[in-house]
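Asks: Protein chains in written order, with our numbering: chain L, 1 to 184; chain P, 185 to 491; chain W, 492 to 1237.
No false leads were slipped in.
Simulated pairs of lysine-lysine, DSS-like, Cα-Cα distance not exceeding 30 Å:
#1 Lys923/W / Lys486/P
#2 Lys168/L / Lys401/P
#3 Lys325/P / Lys414/P
#4 Lys140/L / Lys690/W
#5 Lys408/P / Lys1227/W
#6 Lys89/L / Lys325/P
#7 Lys486/P / Lys565/W
#8 Lys408/P / Lys325/P
#9 Lys122/L / Lys90/L
#10 Lys401/P / Lys1160/W
#11 Lys486/P / Lys526/W
#12 Lys408/P / Lys1139/W
#13 Lys405/P / Lys1160/W
#14 Lys112/L / Lys486/P
#15 Lys405/P / Lys168/L
#16 Lys401/P / Lys1139/W
#17 Lys408/P / Lys1160/W
#18 Lys685/W / Lys156/L
#19 Lys486/P / Lys1227/W
#20 Lys486/P / Lys1160/W
#21 Lys685/W / Lys140/L
#22 Lys168/L / Lys325/P
#23 Lys112/L / Lys325/P
#24 Lys567/W / Lys486/P
#25 Lys122/L / Lys526/W
#26 Lys325/P / Lys90/L
#27 Lys523/W / Lys122/L
#28 Lys325/P / Lys122/L
#29 Lys156/L / Lys690/W
#30 Lys405/P / Lys1227/W
Some chain W residues close to chain P (C-beta under 10 Å, calculated; not the full set):
#31 His556
#32 Pro557
#33 Ala558
#34 Phe1116
#35 Gln1117
#36 Lys1119
#37 Leu1124
#38 Arg1125
#39 His1126
#40 Asp1144
In case anyone wonders, no lab produced these hints; they're calculated from the structure.
Yeah, the Cβ is synthetic: ideal placement off N, Cα and C, and Gly gets one too.
As a plain string of letters, each chain reads:
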Amino acid sequence: MARYALVIDSRRCIGCHSCTVACRVHNDLPIDMIYNPVTTVGPTGVFPNVHMVHIPLLCMHCANPPCVDACPSAASQQRPDGIVWVDEKKCVGCKACVMACPYGARIPNHEKGTVQKCDFCKERIDEGLRPHCVETCHQKARIFGDLDDENSEVYKLVHGEHSIRLLKELGTDPYVFYIYGWEV
Amino acid sequence: MKHKEEGWGWMLAVDFFFAGMGGGMLLIAGIADFLLGEGNTSVLGNFLGAFCIAIGACFLILELGRPLQAWRVFMNPRAILTFGAWTMTIAIGAGLIYASFGLKMLPWSDWVILRKLMALGCIVTGLIVATYPGVLLGRHKSRPFWNGPGMIVLFLFSSLVTGGAAHILSAAILPAYYPGGLSGLPLMVALLLGFQLIFWVGYLWVKISGTTEREAKAARKWLKGNFSGKFIYGFLLIGTLLPLVLLLFPGTGVIALGAFLALLGGLLMRLLVVYSGEDRTWLPGEECYRARLPLGTEEFLKAWNTK
Amino acid sequence: MKKVDLEQEGIEIKKACCYFCHQNCGVLVYVKDGKIIHFEGDPDHPTNTGGLCCRGNVNLIHLDHPARVNYPLKRKGERGAGEWERISWDQALDEIAAKLAAIRDQFGSEAVATAGGTQRTDDWARRRFMNLFGSPNGFHNSHLCWIPTFMVETAIYGWCPFEIDLGLSRCIVLWGQNPGASTMPEMSAISLLKSQGLKVIVIDPRYTETAAKADLWLPLRPGSDLALALAWLHVIIYEGLCDYTFIEENCVGFDELTLHVEQYTPEWAAPLTWLTPDQIREGARMYAMNRPGNIQWGVAVDQLGKPAGSAMHARALLRAITGNLDCPGADLLTGPSPDFITDEEMELNEYLPEEQRAKQIGSDRYKLVTWPGYSRIAELTKKYWGKAPTAEWMCEAHPPSVFKAILSQEPYPVKALLVSATNPVNSYGESKQVLEALRTVDFLVTCDYWLTPTAMLSDYVLPIAGSFERPTITSTYGCSDFLLTSQRAIQPMYERRTDFEFWRDLGLKLGQGEHWPWETLEDAYLSRIEPLGYGVESYDEFVEYYRYHFPEREYYKYKEKGGFATPSGKIELYSSTLKELGYSPLPEYIPPVENEIDNPELAEEYPLVLTTGGGVMPFHHSEHFQIKELRFLRHEPYMEINPATAAKLSIEDGDWVWIETKRGRIKQKANLTEGIRPGVVYTQRGWWYPERDMRDPELGGCLESNTNVLTSVADEDCDPLSGTWANKGLLCRVYKAYDSDRKEDN
Ligand SMILES: Nc1nc2c(c(=O)[nH]1)N[C@H]1C(S)=C(S)[C@@H](COP(=O)(O)OP(=O)(O)OC[C@H]3O[C@@H](n4cnc5c(=O)[nH]c(N)nc54)[C@H](O)[C@@H]3O)O[C@H]1N2
Ligand SMILES: Nc1nc2c(c(=O)[nH]1)N[C@H]1C(S)=C(S)[C@@H](COP(=O)(O)OP(=O)(O)OC[C@H]3O[C@@H](n4cnc5c(=O)[nH]c(N)nc54)[C@H](O)[C@@H]3O)O[C@H]1N2
Ligand code: SF4
Ligand code: SF4
Ligand code: SF4
Ligand code: SF4
Ligand code: SF4
Ligand SMILES: [Mo]
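Pulled out of the complex, with its shape left as it was, chain L reads as follows:
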């Protein structure tokens, strides 16, 4: 079984928001819904000694996802390959998962009354394709793959470079890894 992960190479990310738009357009998201914001940290420091880094966010597909535990309807689920997703039919819109997710990855859809989130483009994955946001990234700053496969690029990056995970201290065990040129 694969274990999907995403590595974001902040040394290459330029904060262009193309991933945000690709996700929204191809997943047909409502205009005010963003699965994958890209934030900018900085410029920090004092002119001219400054730093800046862009941080693309999305669902971390946590190995220990508090959102799934919180979901009273069992609409939120995790597949064996790690992908956390919401079965829209079952979702009652209680927003327990919205509150439980430390990464702001879950967004209520007010039209439907349900909650949505990034599902790693699982239909594409199942067809052997890469997620839209990965595909669209000109800078090749998003690297998607199977972390159980020692030959995969994600495996090599996670094990070869100094990568960090956001809010790791919360014990969610996120599967999105960030490589920085410097500490944020």
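Fit chains P and W with the ligands to the supplied structure of chain L, relying on the hints for placement.
Replies: The following block gives chains P and W with the ligands in isolation, referenced to the frame of chain L:
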């Protein structure tokens, strides 16, 4: 910074309020039954306990995005919300049956064992319903104000205060069979209010001084930020200290006023606590990013909608 | 997720391209029964290798947006009243042709001018039309965008070395360029090579997406690039960092240059550039000592106004004295393509009579990018390369002077303006004057996708076919030796047509029939690529099977060709061509158009230094403000200011502020950032509000946040060589805008 937040709203706070109050009422009624025997609490109060939980449940359902699918909340045994939903259901049942013993025309009104069993049920489920919001919120590791076991205590105390106050008010309307049995209730509620005051001060103190910077920041909002007025004047003074004093006075009117204010305080606290959950542990750069997104009322969002 | 079955029967995959900037990224478009059901970046396309930026991703939204112009429109009511009558193409073309003919008869063909924008359309067709019509007054805002650089560099080396051989380079100077927001495919290559040791120097007043990745960031005072370039020349020459063999063998005028730059020490430049002498030296050394290296063109230097030409000149000399030309890893002098028909060869420039050339507006003052300079350079390059640069860009009427001519009838009346692929109120300088000219001109026709402010003021608006609705040839303004091609994915929707068809059909109505042999754009393109000898039957077949043509890379072309395309056959550090045109053969120092040293009283009143523009994602200049999916990400304009400066002005992050120059004021929101020097201000470009009332005078709030209200096109602020006007290095003041004056007119 202002930006659109998409979390729990006031209806959940109202749910917590009614359910907590109802839970507290069941708990008090059950304990009174065990310690003092039947008839020490007002029948109205006994029924209200179950009703309050039911009203809470209604608000919970209304808070759902798809209220018609509400039955699905019973589906995940690992979810606290599911646990709470089951407990509330049982509590409503136990509470109603227990209260029905106060209606002497019913055939089972002297089935003591069943009554004691139901009283026990009220104690157990009432306790859970009174505390579970605290458990639910306290487990949110990325909501710095909620996170930790402290919320459990705060909710338990508030549920007991509001439950006690509700019993006082119920008894004022429809006195219990043995009104003397719980004559100490105002004093007890006043004591609880005193503890509540101490616990809140302690809670903020611990958050501000002892833990992470994120938690400290979230807690400081209660003393200095946009919550401070409602918290200090609304909750601490009018919703806690003032009723504490009033409840120590003799006189049904004054006591009833005190009880009423304590209820308002409980409601206000829940609103503030629920809204404080909007304060997530922001990821790097996230706050600024979200602050610059449209709020939804902008002109361009309304343009070009039809062909 | 929208699930589309891409395996279903009857699907054709078209190799189209995105048309929302001149990168023209490759796109695979899945078409069934003439409808697009899916598209994605083409992984095999050399430019984008599968990636698409924000704008690329909204192609389908753009394609059928409710605000698009889909039918020819004729003005019904008052100019700008927004009342339109839908007419047929035939009627539109008949009436426009009749009007142009009447103007020609009464005022001469030169009374008809055309305005263009960023190169993303077949402008050779426009030039062809204008040459046959007899008017020399076509122009673009390309004065702000590479064209002067091209011409200055061609004057010195015989061609512009715009192709960089990055793979083998050791150092790249990004001079006023921010590929991290503007040319993302290039940025991708830079990041990759940087991780392998490429040194990256960014010269930019702002700490940009690109500066954040650089080895060295030189935050110079806006507009002071010339002083920096001169000081770099000084450092490299006086520290002996030149490539002396290269100079000896290939350059003339080194001694004159050496003498000339003696005065321009880093200590001299420091107070002008606000950099330290050490910073200046460090940059010069890094470039000169990490050879081979590149200096990449950035648009900022083209927009300095008066010092622009001299700055380009000085920057060009840096390559020559370090030998960073046409060798592996350096900037390459590829010359035009000998193999396919270039844009210039499609233009029929020989049809424009000498006496009409002489009437070109602005050619009396700004000689390099008008007929006088262009003819000289075309003559030299034709002799050497066999071909000339594209005239539609390198030989243009001076845009501000044309707008002034409309208003003042000087030097003669300009009665008609045909606008195609530009939104002049936003992109040309001194918007208020541009707007007045648009209101004033007798006859105005706009070809666009949208009802822009310009279109709103027009007599006719023609619906233009967009990105997936037409084929494309990409060849760097017609000047590269390679080309990339793309297919039409679908026939134009509604009654849209390509720009080519507009000019051709108008030409046909005006009796140019014999010169427009091709019925379709594909036919025209086929005739251009036929000489490549791929033996294809159709243009589509070429795209299908070859897609691009990259000739084998040849270094040191000058060795085998016996020199350079200049009068002396050498790189002219001392430029005889510039001298012949009446300009200084060496780069003289010219201060920024407005500055605290020469204009102390002005600086008293306007104490901050302003730079206008610099592209931001997700917008392309004034485009895409209607696309909610993009607008949502940046729905308001932001200017940048240092927190220390803001504090003095009591401005907080997110406040609306006025930015004001001598010429007017605009409103943007304040972004407080340490990424800009105290005392410096940057404004975003392109802003208007298409969601608002589009009728005159509101015109979508086209002046309210429009940075070009602030810029200067005064003759004395324009570059004497090219006439490019001043967008950088101006003086301004900034103050808080209160709610009460938010709606007030500028
Ligand atoms: N102050 C300041 N001013 C600047 C700049 C700056 O940095 N600062 N940058 C300058 C630069 S580099 C440039 S290139 C110019 C850009 O100036 P413009 O080219 O005027 O910029 P756009 O806003 O892209 O306007 C293009 C218009 O053409 C339409 N359009 C797009 N494609 C086509 C097409 O194929 N056919 C037709 N008929 N219409 C089309 C669009 O809908 C849009 O309305 O602005 C310049 N102005
Ligand atoms: N997102 C996006 N991409 C675009 C475009 C767009 O509008 N939006 N436009 C396209 C077009 S037409 C062009 S020409 C290219 C242009 O792309 P670039 O050549 O990258 O030009 P800009 O982004 O206009 O400006 C580059 C930098 O110049 C800096 N600058 C400002 N003043 C000065 C100065 O006085 N000196 C120096 N050295 N630097 C200065 C600005 O801070 C900015 O970061 O981008 C293309 N790509
Ligand atoms: S598309 Fe790539 S470079 Fe752009 S913001 Fe997303 S991750 Fe960063
Ligand atoms: S990031 Fe949030 S939504 Fe995604 S798996 Fe983790 S907790 Fe769940
Ligand atoms: S909102 Fe839907 S997915 Fe989220 S916890 Fe509730 S039922 Fe589950
Ligand atoms: S993986 Fe798919 S759903 Fe998730 S952010 Fe990327 S594009 Fe969106
Ligand atoms: S707009 Fe974006 S996708 Fe389109 S050609 Fe330019 S860089 Fe490529
Ligand atoms: Mo440009």
